[in-house]
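Could you slot chains W and P with the ligands onto chain B? The hints should help.
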Amino acid sequence: MEGLSMKLVTAVIKPHQLDAVKEALHAMGVAGMTVSEVQGYGRQKGHTEVYRGAEYTVEFLPKIRVEVLIDEIDVEKVVDAVVSASRTGKIGDGKVWVSSVDEVIRVRTGERGLDAL
Amino acid sequence: MEGLSMKLVTAVIKPHQLDAVKEALHAMGVAGMTVSEVQGYGRQKGHTEVYRGAEYTVEFLPKIRVEVLIDEIDVEKVVDAVVSASRTGKIGDGKVWVSSVDEVIRVRTGERGLDAL
Amino acid sequence: MEGLSMKLVTAVIKPHQLDAVKEALHAMGVAGMTVSEVQGYGRQKGHTEVYRGAEYTVEFLPKIRVEVLIDEIDVEKVVDAVVSASRTGKIGDGKVWVSSVDEVIRVRTGERGLDAL
Ligand SMILES: Nc1ncnc2c1ncn2[C@@H]1O[C@H](COP(=O)(O)OP(=O)(O)OP(=O)(O)O)[C@@H](O)[C@H]1O
Ligand SMILES: Nc1ncnc2c1ncn2[C@@H]1O[C@H](COP(=O)(O)OP(=O)(O)OP(=O)(O)O)[C@@H](O)[C@H]1O
Ligand SMILES: Nc1ncnc2c1ncn2[C@@H]1O[C@H](COP(=O)(O)OP(=O)(O)OP(=O)(O)O)[C@@H](O)[C@H]1O
Ligand SMILES: [Mg+2]
Ligand SMILES: [Mg+2]
Ligand SMILES: [Mg+2]
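Chains as they are written, first to last, in full-length UniProt numbering: chain B, 1 to 117; chain W, 1 to 117; chain P, 1 to 117.
Treat the hints as calculated values from the structure; they're not laboratory data.
Since the structure is predicted, the reported quantities are computational estimates derived from the model, not experimental observations.
One or more hints might be untrue.
For identical chains, the list gives no copy identity; a pair is met inside one copy or between any two copies.
Claimed, not checked - Taking lysine to any residue and the SDA-like style, the derived pairs with C-alpha atoms no more than 25 Å apart in a straight line are: (1) LYS7 to ARG65; (2) LYS45 to ALA116; (3) LYS7 to GLY110; (4) LYS90 to ALA116; (5) LYS90 to GLU72; (6) LYS90 to GLY32; (7) LYS90 to ILE73; (8) LYS90 to ASP74; (9) LYS90 to GLY113; (10) LYS90 to GLU59; (11) LYS45 to ASP71; (12) LYS77 to ASP115; (13) LYS22 to GLU67; (14) LYS22 to ASP80; (15) LYS45 to LEU114; (16) LYS45 to ASP115; (17) LYS77 to THR109; (18) LYS45 to MET28; (19) LYS7 to GLY32.
With the rest of the complex left out, here is chain B:
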């Protein structure tokens, strides 16, 4: 059954890194993505973090959530590409997580499973 299931890779990243992530995914042939604006904090809650050149002590900072549905067979290379492209080396670079999806449907065509990606 290998290669027959789909995964959802979710990343919460710095807004400035979105272009790099998009390019990295495009370069490896990932066909689509969904992004949304979120806010969050990680382990340095209450400490300062730099955003757009200013120091913030507020707890929530703007982040971007990226979601990519992929063939399970590509999960390691997609995760590595997203992590690489998101990394600046400074605190607050983000988290990436992988979850399983039972089914995917492409609305226009009704295709299901890997064909729907």
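Same frame as chain B, now just chains W and P with the ligands:
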């Protein structure tokens, strides 16, 4: 154990189709939904797509994410209803995916599982 | 293998309860969270619900989605804390759900699994 687990149906659709999706879900007795604004692209990244009468060559287009927690027993009919109501037949109609949830809790009452839906 | 897997706890709550949820999670040592603005309705769709002192008959009301990646070993206490902190006792208090994640990566360090939380 059939009928004892819950699924999350997520759809990323065209904003204009939200009312149709909402009506379709309501008509079949689905008790609730959560929506949020997202942006995305699918297979035509870099090509034009029409949104509100104008052609866009920008890569990200506004979409709506719909999330519905349901009894697993209803998953096929809910997916079919969402796909049907989202479809315009033009590119960019969206993706629907299904994932498993371990537990659901209704905050006000503390009910869990299917009773919480 | 117990304690070696991660869970994602998602809550859709009243905006006014976010501070209470944040404090409850912080008090129990949860290291991070992601929040976003959503809209939704539950079982009283079409009935009135009070938001910021005014009655609404519109169907969608503003809610906040909270997402927390945690060690599976903490799932019960995190769920209980979120449910407790979200509860006002009035309709519309929200839903909390738990799902499984296969992998988590901390972008800056490349750590994986429980070390990435
Ligand atoms: N446990 C968590 N659950 C849900 N979201 C989280 C969690 N931890 C972090 N996030 C999200 O990821 C974003 C970035 O987190 P961040 O990179 O600061 O994590 P970190 O573990 O503190 O790593 P670093 O030490 O590199 O800052 C946060 O703003 C938040 O949106
Ligand atoms: N692989 C994917 N991962 C995550 N989200 C996706 C993916 N593909 C598409 N989406 C989301 O779904 C939205 C609609 O995608 P779209 O309908 O264009 O898919 P498609 O496969 O290109 O189908 P079509 O050929 O009908 O346009 C995108 O804007 C994006 O938000
Ligand atoms: N089945 C569902 N699927 C997805 N999201 C839901 C669902 N039900 C509720 N929600 C989300 O949770 C929010 C709060 O729901 P709500 O608390 O009204 O649930 P309820 O079951 O009607 O409980 P109550 O009777 O206490 O109002 C909604 O606005 C919506 O965003
Ligand atoms: Mg941090
Ligand atoms: Mg497309
Ligand atoms: Mg309700």
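For each hint, the structure was consulted:
1. LYS7 to ARG65: For LYS7 and ARG65, both the intra-copy (16 Å) and inter-copy (18 Å) Cα distances are at most 25 Å.
2. LYS45 to ALA116: between (40 Å within a copy, 16 Å between copies)
3. LYS7 to GLY110: both (19 Å within a copy, 20 Å between copies)
4. LYS90 to ALA116: between (37 Å within a copy, 15 Å between copies)
5. LYS90 to GLU72: Answer is neither: 30 Å inside a copy and 28 Å across each miss the 25 Å cutoff.
6. LYS90 to GLY32: between (28 Å within a copy, 16 Å between copies)
7. LYS90 to ILE73: neither (31 Å within a copy, 29 Å between copies)
8. LYS90 to ASP74: Neither. Shortest intra-copy (27 Å) and inter-copy (28 Å) distances fail the 25 Å Cα cut-off.
9. LYS90 to GLY113: Answer is between: at 20 Å across copies they meet the 25 Å cutoff, but 38 Å inside does not.
10. LYS90 to GLU59: within (17 Å within a copy, 28 Å between copies)
11. LYS45 to ASP71: between (35 Å within a copy, 19 Å between copies)
12. LYS77 to ASP115: both (20 Å within a copy, 21 Å between copies)
13. LYS22 to GLU67: both (11 Å within a copy, 23 Å between copies)
14. LYS22 to ASP80: within (13 Å within a copy, 31 Å between copies)
15. LYS45 to LEU114: Only across copies: LYS45 and LEU114 sit 19 Å apart there, 40 Å inside one copy, limit 25 Å.
16. LYS45 to ASP115: Answer is between: at 18 Å across copies they meet the 25 Å cutoff, but 42 Å inside does not.
17. LYS77 to THR109: between (28 Å within a copy, 17 Å between copies)
18. LYS45 to MET28: between (35 Å within a copy, 14 Å between copies)
19. LYS7 to GLY32: both (13 Å within a copy, 23 Å between copies)
In summary, the structure is inconsistent with hints 5, 7 and 8 from the numbered list given earlier, while agreeing with the others.
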